[in-house]
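Chains V and R supply the protein sequences, listed in that same order. Our numbering numbers the first residue of the first sequence as 1 and each following residue consecutively. Our numbering numbers the first residue of the second sequence as 1 and each following residue consecutively.
Zero decoy hints are in this set.
Some chain V residues near chain R, calculated using beta-carbon distances under 10 Å: (1) Glu262; (2) Gly284; (3) Leu327; (4) Val363.
Just so you know, the hints here were simulated from the structure itself, not pulled from any lab data. We treat Cβ as the ideally placed atom computed from N, Cα and C, and that holds for glycine.
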Amino acid sequence: MHRRVQLAGLVLGLAMPSTACLYVEPINERPSAEIRRIGDDVVFRGDELVFVAVIDDPDRDAVDLAWRGQACDRSISDPAHRCSAVETGTDPTFRFTVPTTVEGAPTTLLVITLDVTDSHGAIAKPRQTLELPVSNHDPVVELQRRGRELMGQFPVGVPITLSALGLDDDDDAVTLTWTLFPAATSRPEDVVFTRLPDPASGGQEYQLIPDVAGDWLVRVDASDGLGTGRGELPIAVRPDHAPCIGAIEPATTDGAVLVTTEPRRFAVLVVADDLDSYPAPAPGTPFVGAATLAWSMRAIGDATWTALGDSPAVTFDPATVAPGDRLELRVEVADRTLRWPALSPACTADDASCSIEAPSSCVQRRTWLVEAR
Amino acid sequence: MKRALAIAVVAVTAACGGELAPDDDGGRCEVAVQFEPLDAVAPTSIVARATVDGVQGVLTYSWLVSSSAGAIATTPRTPDNRDVEFIAAEPGVYQVELNVTGGSRTCPTWRGDKNVRDPGSTSGAVRLRFTPGPSTTAPIQERVVVVPGGSDFAAGVLAIDPGVSTAIDVRDSGGARVPAYVRLTSRATPDAVVELVTSVTGGERATLASGRHDVLVIPLVPDLAPIERPNWDAAQGGFIVTAGASVIGTVLDGTGAPLADARVSIAAAGSGPPSTLATTGSDGRFVLGWQLSSGASLVVVPPATSGLPRLTAPLATIDLGAPLTVRYQPGQAQVELGGTMVRVGGAPVVNGHVLFALELADVATITDGSTTALVPGAHRDRIATDATGHLAAYRVTVSSGRAFAIADGGPGAVALVDVSTTTTTIDAPAPATLTGLVVDRAGAPLPGVALAASVVDELAHLDAPAPTATSGADGRFTLALAAGASYQLVLDDPRARAARRRLLVAATAGDLGSVALPPPVRVLGTVRLVGQSTGLAEVSVTALCDDCTGLERSRPQGETVTDVAGDFTVVVPDPSAPP
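My request is simple: use the sequences and hints to build the entire structure.
Structure follows, in structure tokens:
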């Protein structure tokens, strides 16, 4: 567009017709441009970003926009940097999804450029370039424990399965590092802390068999190469409790004479324990098992006990001895820790009943004094 | 009147828009549910009718019905959903829960079970024995429940008697306290007994179920005779024991000489009172004190060094008021078996033992002076072997029978023995390997079934080996048994795919073939003390057969223990299944 300029004052001093118009080509002014991002959140990989071109052309010329977006693995001032293929756009709004990786390396930088050219070919200067750092989502760790947990505590010597899963919003590969902080009195050589086959569902599993009671801690550090996360799991380990003999048959007092006139069954009906009980739980019940029983007998006056096996019950026929003969029939129980009363300094062979640890009401030995008639 | 006033107050307060009156009358909301039909047979439609008492207001009834198949829809039978109907397509236990809300008081959630029978099933009686743990003083009790076959069965709440602490006092005729063994058998549940021992200081108490008891008192001091007190009630007080009726006699050996140091007693039939114990003097005499009863036997156990057999003389035809003479038959040869080599499968029984079961017919006589009866005898002795497999000193009367030779760690074996003066070795065969296949009733192999064998008959003794095995992945098992012995084999599936089975087997090497376990029925229930609303934990629940006799009555078909809520599930053989 040409502009008509009236130069009235100017003509006064020129030898020109008194009225004339001078047409000149006006000077084109270049547009100016600015990249404005919608939103100001920290940029993470996978985010979809929206940019808007803010353009001012003094001449109100039509303008052409040329967007370029690239993701890079490091600063572009680093000669070793690698960037993704360029994404382009020509609309006033430019959408750009941050790629997770650039040639396998995590994206750490976005470079968005905008070139604006008006209809006269004037290019906005300086060229608009926006460098946006791309942040990393730190991995997080999900840590769980499974085992014979009673009121939030685990018995000593019983396997605990620890499961950890590293999660990363950026879908980065996460490496896990396990650290065990045993209780203060633990002896490393007595602790089992072994890796189990990785579960098909992902993550890792370890088996811990604590050797002493106390406060244990399992820490799992996760890393995605750019950031780290940490999970910690306190494990309260308490001493294993001895099993307690519950109901027995015949239900008589230890040391009291039980006169037997016909064949009779002697049985342990209930063993209560945090690990191994009787009647035994169904096979496959996690972390719990069957209590072990040991029967023995001796005739009155004998010093030694004769082992009778480990069945839940034994049968005594008074016809196998003479009328008036007395014998002691004994049963002892143990859980998997095999702390038998017979081996405990708290119990002597002559103790009819015995408790290897408090409370004294929890006994691991019962003895019937049987008299045949 | 007090109740009516309280209701009026509640109504007025509510009408004024205020808070509901507090339950200051001590009342409470009670919810009950009744089912129709009472005896439901699948498939059927069941109507559940709710009854709510002690609450005012417009109530909302929310029902939840489920079975092993999952939740089951209910259909209202009344506009307010108070009564509902549901379809029981399959036999089994249907759990029903009813929540009643909206009333002036909070109502408890009602939970119950409805049994639905299998149309083709038959029922069977099972004794459930409840043995409370040490923390509960309630006595052992039993309930007989009729279990329908073909499906699980909910026995509901089984309220057991907390019992009454009862003083048990045993005195002699002079009023002095006597240490004694006392056995109290509830007449209501004769298999559940309470036993205790009294002392000279007294003060003993027993917690007894309500009702009368049959009582056996056996003094633990010489010269006082055991007594039996049938149908005893605590109001009758303690027990007086006396010397009882005297039974006098003499024991003579085969030469007619008095036999000293023989132990003599009278064993009563069944649970009757035995006599006192006596040991013959140098003149062979004995004196027993006894509460006379029928069906008893005189037991004579001679000293081990005598070589004479033990006698069990029936007393049915003998006049116990007359002096008795027990005499071993003359001319019975004896042999010393000490030093005899004992072998199992050709290998010496080192540091083991041999249980002898030798029978002697008519080895003695018993007479009251006018009536004479022949008396059988037996050697039933456990004799050790030494480090070379030789028997310790053992003198016996020449006889025949069986010898169960047991080496440490092995099942042992049974030899038929004909004891004579020429006996120098006892050779038992090698242990028998018994194999078999455990299957369910449909013939499918059952892996993981526990097998336990125990010797029965006269060779059974406390330290007889009790071999065990577990069926393999193919259901097969192998048991090493004492060849020649008879066993009771117990097969127990810990996964409860099948019920427990017992069978008698004669130990001979070979294959037992398929052993089918009966299909299981789960009996569910809750144990509470009478008058308590909470369950009783750690109560042993033992399922026992109702029509067995003898020792078999005490051998469980299934056993479990109540959980913290008092609930239990015990597996028993399906009564519908043929044995």
